[in-house]
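**Q** For chain A, the structure is supplied; the task is to place chains B and C on it using the hints.
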Amino acid sequence: MNILLDSIEKVVGSQNVLRGEDVRSRTADWMTKEPCLAGAIVRPANTEQLSEVMALCYEANQAVVTHGGLTGLVRGGMASSDELVISLERMTQIESIDCVSGTMTVQAGAPLQSVQEAADQAEMQFNLDLGARGSCTIGGNIATNAGGIRVIRYGMMRDLVLGVEAVLADGTVVNSMNTMLKNNAGYDLKQLFIGSEGTLGIVTRAVLKLHPQLTATNTALVACEDFNSLTGLLQHARKSLGGELCAFEVMWSSYYSLLTTESNRHTPPISSDAPYYVLIESLGAEQKESHERFEKAIESAFEKGLLIDAVLASSDHQREKLWAIREDVEGLAHLLAPRFAFDISLPILEMDKYVRKLQSAVSQRWKNAKVIVFGHLGDGNLHVSVATGDASDETREAVESLVYEPLKLMGGSVSAEHGIGLKKRKYLNLSRTPAEIALMQTLKIALDPRGLLNRNKVLPDILA
Amino acid sequence: MKLIVSVKRVIDYNIKVRVKADNTGVDLANVKMALNPFCEIAVEEAIRLKEAGVASEVVVVSIGPTAVQEQLRTALALGADRAIHVETDELPEPLNVAKLLAKVIEAEQPGLVILGKQSIDSDNNQVGQMLAALAGRPQGTFASEVKVEGGKVLVTREVDGGLRTLSLDLPAIVTTDLRLNEPRYAKLPDIMKAKRKPLDVKTPADLGVELKQHITQLKVETPAQREAGIKVDSVDALIDKLKNEAKVI
Amino acid sequence: MNILLIAEHDNSALNPATLSAVSAATQIGGELTVLVAGADCQNVADEAAKVSGVSKVLLADNAAYAKGLAENLSALIAEVATGYSHIIAAASSTSKDTMPRVAALLDVGQLSEIIAVESADIFKRPIYAGNAIATVQSQDAVKVITVRTSAFDKAAAEGGCAGVETVANSRDSGTSNFVNEELVKSDRPELTAASVVISGGRGLGSAENFALLENVADKLGAAIGASRAAVDAGFVSNDLQVGQTGKIVAPELYIAVGISGAIQHLAGMKESKVIVAINKDEEAPIFQLADYGLVGDLFKVLPELEAKL
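From first to last, the protein sequence lines stand for chains A, B and C.
Heads up, the first sequence is in UniProt numbering, so the first residue is 1 and it goes up one at a time.
Heads up, the second sequence is in UniProt numbering, so the first residue is 1 and it goes up one at a time.
Heads up, the third sequence is in UniProt numbering, so the first residue is 1 and it goes up one at a time.
Bound conformation, chain A alone (with noise of 0.2 Å):
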């Protein structure tokens, strides 16, 4: 490995290498804070440079490990003490943007927030949103087609991509940096990139879809007594908000308190005896006009009682301490730690069954146990955390399983937003046909002959 980083230092620079305690100081998973084993980090300043790396590494078959923010939570960026990681973090370029169109051209090593900031600074508006926002990065979004709290309105990060730019294993650079609505010129390659976790090439640049500022948001928590007034809540927002609606985010009374009353990490808004809590914000162009809709649509869902206890934001402030409830994973990390977490995504209706199912099948196995649910209902899209007390294999495959058997037979998905990575690899198989990963397989071969992007991530050995 020696001869070949001293000819990528040649392309990148020799502080562009980092080695030995350099690279075991930075951290490979946030969750875990286990250090990063890889043998060298390279960090390459353009498309070019990379292209090079590539090259290199192709001709000395050097497996690779892309890294971004490091903000993921299946494991993608693990890499061992054979494999090189190369971190796009010198890559953060905003290039341009193009008001008319309503399109943002970036590279990939772009934190999120630093593309939402330099929208907002020309009065447009990038609309994936989520939690990691300040560390996330615009290639890691797009490599495991990251979701989050907007998409009831705006869909997922593939709703956001107009074109990519990547570099294959052998370092050819595939420019499909299209800045069109529509292009119906063949294959759209840049859907083979996007979501496949940086197995079939290397996301360098992108163009982004950029939409209107709208600055009007409304915002309230409010307490629903079953799961019914749930579900009639989330179509009646959708009805009298309009297209307004831009989030919907429900937490079970067991985040809820956990979060509150239970650990005093947040002054509860609400009292927290009720089941089930919504954070429901919606975004529209005219403050008055979008206040008055918004309080107007609250105030006759509970007249209907599809809501039993309501608090509106009255400043940005008071919004962002609600929100602060809902997007503390920290501390619920913290809480609960060791805890398994899971992403999950299944038809709304079936929800509540499952998660009661979910905590019986687990108290019934461990006393004590906790289960922790909250999520995007809007999108189908439940975070389910299960904490045992301990941290086993044993216990872990267990759990697994309780979580994701009966996801199959329901049609939904072991993975609804954060992608298989290293962890959830064996489960691939609950969500997917065996034709579906065969393609899956065929693909990877003909990107990445010599398996050395991301290796053992995703799918199931070739030959298995």
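Be aware that a few hints might be false.
[Claimed, not checked] Simulated restraints, written as ranges between beta carbons of each label pair:
{"id": "1", "chain 1": "A", "residue 1": "S80", "chain 2": "B", "residue 2": "G25", "range": "58 to 64 Å"}
{"id": "2", "chain 1": "B", "residue 1": "E221", "chain 2": "C", "residue 2": "D10", "range": "33 to 39 Å"}
{"id": "3", "chain 1": "A", "residue 1": "E330", "chain 2": "C", "residue 2": "T192", "range": "19 to 25 Å"}
{"id": "4", "chain 1": "C", "residue 1": "G130", "chain 2": "B", "residue 2": "E182", "range": "23 to 29 Å"}
{"id": "5", "chain 1": "A", "residue 1": "Q235", "chain 2": "B", "residue 2": "E51", "range": "33 to 39 Å"}
{"id": "6", "chain 1": "C", "residue 1": "K270", "chain 2": "A", "residue 2": "C99", "range": "21 to 27 Å"}
{"id": "7", "chain 1": "B", "residue 1": "K16", "chain 2": "C", "residue 2": "V167", "range": "44 to 50 Å"}
{"id": "8", "chain 1": "A", "residue 1": "Q213", "chain 2": "B", "residue 2": "D233", "range": "39 to 45 Å"}
{"id": "9", "chain 1": "C", "residue 1": "E271", "chain 2": "A", "residue 2": "S392", "range": "45 to 51 Å"}
{"id": "10", "chain 1": "B", "residue 1": "M192", "chain 2": "C", "residue 2": "S12", "range": "55 to 61 Å"}
{"id": "11", "chain 1": "A", "residue 1": "S101", "chain 2": "B", "residue 2": "E245", "range": "41 to 47 Å"}
{"id": "12", "chain 1": "C", "residue 1": "E271", "chain 2": "B", "residue 2": "G53", "range": "38 to 44 Å"}
{"id": "13", "chain 1": "B", "residue 1": "V31", "chain 2": "A", "residue 2": "V100", "range": "20 to 26 Å"}
{"id": "14", "chain 1": "C", "residue 1": "E271", "chain 2": "A", "residue 2": "E330", "range": "41 to 47 Å"}
In case anyone wonders, no lab produced these hints; they're calculated from the structure.
Cβ coordinates follow ideal geometry from the N, Cα and C atoms, glycine included.
**A** For chains B and C alone, kept in the frame of chain A given last:
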């Protein structure tokens, strides 16, 4: 005892202000407005005093165009009993506000007046003190704790380097600092009820106050941007820059 | 023009903030009189008399002014104010409490926390928490002004030889009484209030190594902060965390040591007046924000800094 709380409608604190291209002010078109955060704390303190049985009625006052009624309704939803809107075309400067409030106080005779220490738009930090002077009453500014007992109010103030407690004869004027309390949220049933609470509209003429201009705003500019930094090559050079160029050590 | 400047002091020594206000007064021009109001504060008056640019000192030494109660002070100042065109004070918790009261007693407006003197009646002052700067003109015959001290250099504390006159006056409203005071006596200032903050990141490597930071902080009278990475790594407790989910600080001087500069961290300190970054990785994003960057090994830089400060 009756309490009066004065509140101001300001740009929501989180909004990044944009200076208008013609430098006449800050662009407020279609910008989210809210209760000034310090005023929100003042409302909360008044409601807590009422809940504690110290106060019998909370009257909330705001001065400005019709739109300030939104913030008055918010204060009513939070628990104030009634509202007074003193209608003016623009937001008057502090001395005028203090004069209008002094007249309201003369009519209402409250035991305690609570205001925010400053508004986050003009950052003047003047109205409470001016009102106290005009009314000839004692003041407890920048309060982090307020206790009413035995005809006096004990106000713990945030001062440079620590806290200082004063005992004031009632009636008194108190202005709030950030750590006084954490304001509650407006609850839905209360928001609905607030729409039916009394809200009186008065004009400066009704109160017998003539608004006068004391300070003219000539120009509003964006502050100087941070200049690109430099790299220094030694600890000596760093200390030299900090001492002689930046003058911060 | 005749300027009356209200001295900031603790009855035993003149607060250096007063010297910044003197500079602002000098820029306005004219005769400068300093009023020292307090109790047993002759020393302060003597000190004020030596300040360069001061032509006269008025000493109001009376128990009523011992605690700087706004009711009493403002009555005194309004009475003394006759004949002055400007009444000016360094912005402090005492002057912010008192001066608007003075302005109202004189029926004039107040210019709060000016940062520049354009002419005798035109000034600049920050609005919207410093996100905009307003140029304002006073229409009143008497201008009541507070001065943001960080915007003006300090006048020389020595070099003047003004005479001290006594003001025999006792204004005690009797409606406000001092009860007690708790001044924070900490060697290390509170993080969000400190004028110097030195923060450590993952680059520090261990909890023990934060001692290196503390040594420098002692020299600077600085508060200690940390990045989330350092908190996550367990080097320090999370109440030291600076950033979006931690404390927001805006000191005069912020020194980031071994911090790479994630957006969340920058959000907590980017309003600092002067930012210094010390990091061995010259590609670290923190350097893009720093006014002064030093690329180097913090384990060598910190002891050297400590020794040379």
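**Q** So, for every hint listed, does it hold in this structure?
**A** Right, here's what the structure says about each hint:
1. S80/A / G25/B: 58 to 64 Å: holds, 60 Å
2. E221/B / D10/C: 33 to 39 Å: Given range 33 to 39 Å: holds, Cβ gap about 37 Å.
3. E330/A / T192/C: 19 to 25 Å: holds, 20 Å
4. G130/C / E182/B: 23 to 29 Å: Holds - the Cβ-Cβ distance for G130/C and E182/B, about 25 Å, lies within 23 to 29 Å.
5. Q235/A / E51/B: 33 to 39 Å: For E51/B against Q235/A, whose Cβ atoms are near 38 Å apart, the range 33 to 39 Å holds.
6. K270/C / C99/A: 21 to 27 Å: holds, 26 Å
7. K16/B / V167/C: 44 to 50 Å: holds, 48 Å
8. Q213/A / D233/B: 39 to 45 Å: Distance hint for Q213/A, D233/B holds at roughly 43 Å.
9. E271/C / S392/A: 45 to 51 Å: With a Cβ separation near 47 Å, E271/C and S392/A satisfy 45 to 51 Å, so the hint holds.
10. M192/B / S12/C: 55 to 61 Å: holds, 59 Å
11. S101/A / E245/B: 41 to 47 Å: Because 45 Å falls inside the window, the suggested range holds.
12. E271/C / G53/B: 38 to 44 Å: Holds: the Cβ-Cβ distance is about 42 Å, inside 38 to 44 Å.
13. V31/B / V100/A: 20 to 26 Å: holds, 24 Å
14. E271/C / E330/A: 41 to 47 Å: Check failed, 24 Å falls outside 41 to 47 Å.
The structure fails to meet hint 14 from the earlier list, while all remaining hints are met.
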